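**Student:** Here the protein sequences line up with chains A and B, keeping their order. Letter 159 of the first sequence, counting from 1, is numbered 166 in our numbering, and no numbers are missing. Letter 144 of the second sequence, counting from 1, is numbered 145 in our numbering, and no numbers are missing.
I should point out that these hints are in silico values taken from the structure, not numbers from a laboratory. A hint or two may mislead.
[Claimed, not checked] To spell it out: a stretch of chain A is covered by chain B in this simulated footprint if at least three of its residues, at any positions, have a beta carbon under 8 Å from a beta carbon of chain B; those stretches are:
hint, region
1, 157-167
2, 183-197
3, 201-211
In this text the structure is predicted, and so the values were computed from the model without any measurement. Backbone N, C-alpha and C define an ideal beta-carbon position, used for all residues, glycine too.
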Amino acid sequence: MSCAEFQQVLPEMLEGDRNTEHAAHLASCSACSDLISDLKAISEAARQLRASDEPSPRLWNSLEIALRQEGLIRQPQREPALVSSRARWPWGWMVPAVAALLVGFGIMKYERGSNQPSETARNEAPVAAAPTVAVVPASTSPAPRISRDDDLQLLEAVGTRSPEIRAQYAADLNHVNSYIEDAEQSAQSDPNDEDAQQSLLNAYDQRAMLYQMALDRSLP
Amino acid sequence: MQRVNRGAKLVSAVVLSGAVLLAAETRKEFHFTVGARPTVSVTNQYGSVSVKPSAANLVSVTAILRSDKVEIDKGQSGNRIDVLSHLLDGANAENGRVDYELVVPGDASVILTSTSGPLRAEGLHGDVTLEGANSNVDVREIKDAHVHVKTLNGPITLTNIHDGHVEITSVSGNVTLVSVSGPHVQVNSNSGWIHYDGDFGYGGEYYLSSHTGDIDATAPQDASFDVTARSVRGKVENDFPLQPKHTPFVVKAGSAFAGTMNRAASSVKLFSFSGKIHLKKR
Numbered sequence: 008m009s010c011a012e013f014q015q016v017l018p019e020m021l022e023g024d025r026n027t028e029h030a031a032h033l034a035s036c037s038a039c040s041d042l043i044s045d046l047k048a049i050s051e052a053a054r055q056l057r058a059s060d061e062p063s064p065r066l067w068n069s070l071e072i073a074l075r076q077e078g079l080i081r082q083p084q085r086e087p088a089l090v091s092s093r094a095r096w097p098w099g100w101m102v103p104a105v106a107a108l109l110v111g112f113g114i115m116k117y118e119r120g121s122n123q124p125s126e127t128a129r130n131e132a133p134v135a136a137a138p139t140v141a142v143v144p145a146s147t148s149p150a151p152r153i154s155r156d157d158d159l160q161l162l163e164a165v166g167t168r169s170p171e172i173r174a175q176y177a178a179d180l181n182h183v184n185s186y187i188e189d190a191e192q193s194a195q196s197d198p199n200d201e202d203a204q205q206s207l208l209n210a211y212d213q214r215a216m217l218y219q220m221a222l223d224r225s226l227p
Numbered sequence: 002m003q004r005v006n007r008g009a010k011l012v013s014a015v016v017l018s019g020a021v022l023l024a025a026e027t028r029k030e031f032h033f034t035v036g037a038r039p040t041v042s043v044t045n046q047y048g049s050v051s052v053k054p055s056a057a058n059l060v061s062v063t064a065i066l067r068s069d070k071v072e073i074d075k076g077q078s079g080n081r082i083d084v085l086s087h088l089l090d091g092a093n094a095e096n097g098r099v100d101y102e103l104v105v106p107g108d109a110s111v112i113l114t115s116t117s118g119p120l121r122a123e124g125l126h127g128d129v130t131l132e133g134a135n136s137n138v139d140v141r142e143i144k145d146a147h148v149h150v151k152t153l154n155g156p157i158t159l160t161n162i163h164d165g166h167v168e169i170t171s172v173s174g175n176v177t178l179v180s181v182s183g184p185h186v187q188v189n190s191n192s193g194w195i196h197y198d199g200d201f202g203y204g205g206e207y208y209l210s211s212h213t214g215d216i217d218a219t220a221p222q223d224a225s226f227d228v229t230a231r232s233v234r235g236k237v238e239n240d241f242p243l244q245p246k247h248t249p250f251v252v253k254a255g256s257a258f259a260g261t262m263n264r265a266a267s268s269v270k271l272f273s274f275s276g277k278i279h280l281k282k283r
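So that you can see chain B by itself, here it is in the shape it has in the complex:
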């Protein structure tokens, strides 16, 4: 009987604390009318930011504030919208958290910044700039735009990015690129690995580099590229029947390879100091 009472008290306490948390949460909505190609910037210390497209010339911001230790500064200056989570005294990662969901015109340029909250942008054809120290970054369905991502440790995933000017820098976050193509695709990693799975497009430049992280690139048999791959202290592997080509460095079996595949439409450069490099055939 005593055990039952203790259980009931525990459940009550959990329900009560949940209710208190829910009560402290605040939902806020803001709407801004904008013109063509607006710029939307969100700076959030803790919490997620997610951006989706809409057909209307309207920027809608829905924010869930975890407590009154954080407030939202917002402003519109012409065609530019700025949203900023403003931490107040006593705020921390829990009570200073704000989760944002934005709906923006498809041609909007978005700039999202966070320390630890996940950042997500999808379905846009305006420029996308995402920066987060530990943020998990997910960008998908972007066309004909610049995609710039920077993280220290957060993993980065890009999916279905076409005709993109892609630049990624991360110290130890893993980078995954799936169906990413464009005139310029560059990944600068340190200890995080880089996975590329796509066809290297047509006529683009692809440069994937790391310090110690492994680099895997997977492409179909009919992909058309010119590749040089080199690892100073690591190993390299290649599954493609490449045609030999001249290189500015000495090609040592097992640590470098170079060659062309089909019509060599795109240029692919894979470089690491001590990471393993593997060019795989799908």
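Extracted from the complex, chain A is given alone in its bound form:
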């Protein structure tokens, strides 16, 4: 049984309809067994999403990581079109729904948060009141800007696939987080500093790239 054939019967597989041929393929193909694990993780996360009106940032992050692991939110040109996406993953229709839910919750949290004075705004009212281009991610953003939990999850994911490059990713994460901290400090000390704001975007670009590469299924 080939990977393409296996992926065509994924829905039945996930519902427990598994025969010896499926089991044999799963045992011999790490890519497909990883795919099954990822789908189960996403399914579990979706159940949690339904059960709660306001998911925590942690859940948002775990969903994001799960989607990245699945390769569903990486850049489209990276997706090899060897077989049609429907054939490769017949549950593709769920992705926009989950993404819309995530965006909706993000906006809700952002709006709610932005109505309340943040710690930074309370402490630095004159600076916060100054007119500025809102490029700097607000401190009330739903997801934490530098989350050690996120990083640990990422390193754990990398470590399970390739322990030898875990240290390298850890060093890169330190570089990127240090860049974010510097850019944030600079942008907060002078909200009109366009260089600092651009640097903050650059630093976040690097972080996004690092996460994308670390969790790309096609890479070890």
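We have chain A; now place chain B onto it with these hints.
**Tutor:** For chain B alone, kept in the frame of chain A given last:
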């Protein structure tokens, strides 16, 4: 006599293991007929990918597989070719290695992805997107195209890129740009240094930034640009006799400078947090 025997055994063992390795290697070739401006994508975990141009409407892929622990998935969907190294159980960086050489139409857009193998593209006038964690990236002789490169640690070299829309992001890879010009040239580095050696073209925007990496930019005396350079905690140096200009920030001697050179045709911005910035005259 005993030493001679031991030497002979050693040589035999080396020859034998080499022969076994060679025997395990497989060479495969694939050919795809394509139309104008095809898209060619190669995803390879271990091993090199090299792309060269040809005049024919043909994509030729030559792959050297190091062992049977890796196989190649390939496909054509209209004008799009996808090639993917598919690692099997037990594959590692050595036996999962595949080295690719591609010949593609000059107007092809190529997307190359690797973890550690070198990536090279040359002589194209279609868009080039290269991504690799530790890959050594070499792009040259590209004209009138987008060139997008991302690495975590791999060094990046771009040579003779003209009329390009260039975007480079690297965490700790060093970036070297030689004769690179275009309407948009942007480098976003963290700890890797950035070397630019060119003339800043005519009418383009150049933005080179780093966190801790040094930035060197070298241009000829007759280059025409408007420059702002600033390092928050590092030092800046300038060899050009710039005409003063207004800046949105306070110019502190030694940590920032700004000015215009000749007719200020291009805009150049150099920014670092703690890297040293040097604008050099060739």
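**Student:** Apply the coverage criterion to the region 201-211 of chain A and chain B: a residue qualifies when its Cβ sits closer than 8 Å to a Cβ of the chain, and three qualifying residues are needed.
**Tutor:** Our answer is that it holds, as 6 residues pass the Cβ test (under 8 Å) against chain B, meeting three.
**Student:** Are at least 3 residues of the region 183-197 of chain A within less than 8 Å of chain B when you compare beta carbons?
**Tutor:** holds (count 6)
**Student:** Test coverage of the region 157-167 of chain A by chain B using CB-CB distances below 8 Å; three residues minimum.
**Tutor:** That given contact is violated, which follows from only 0 residues of the region 157-167 of chain A lying within Cβ reach (below 8 Å) of chain B.
When each numbered hint is compared with the structure, a violation occurs for hint 1 only.
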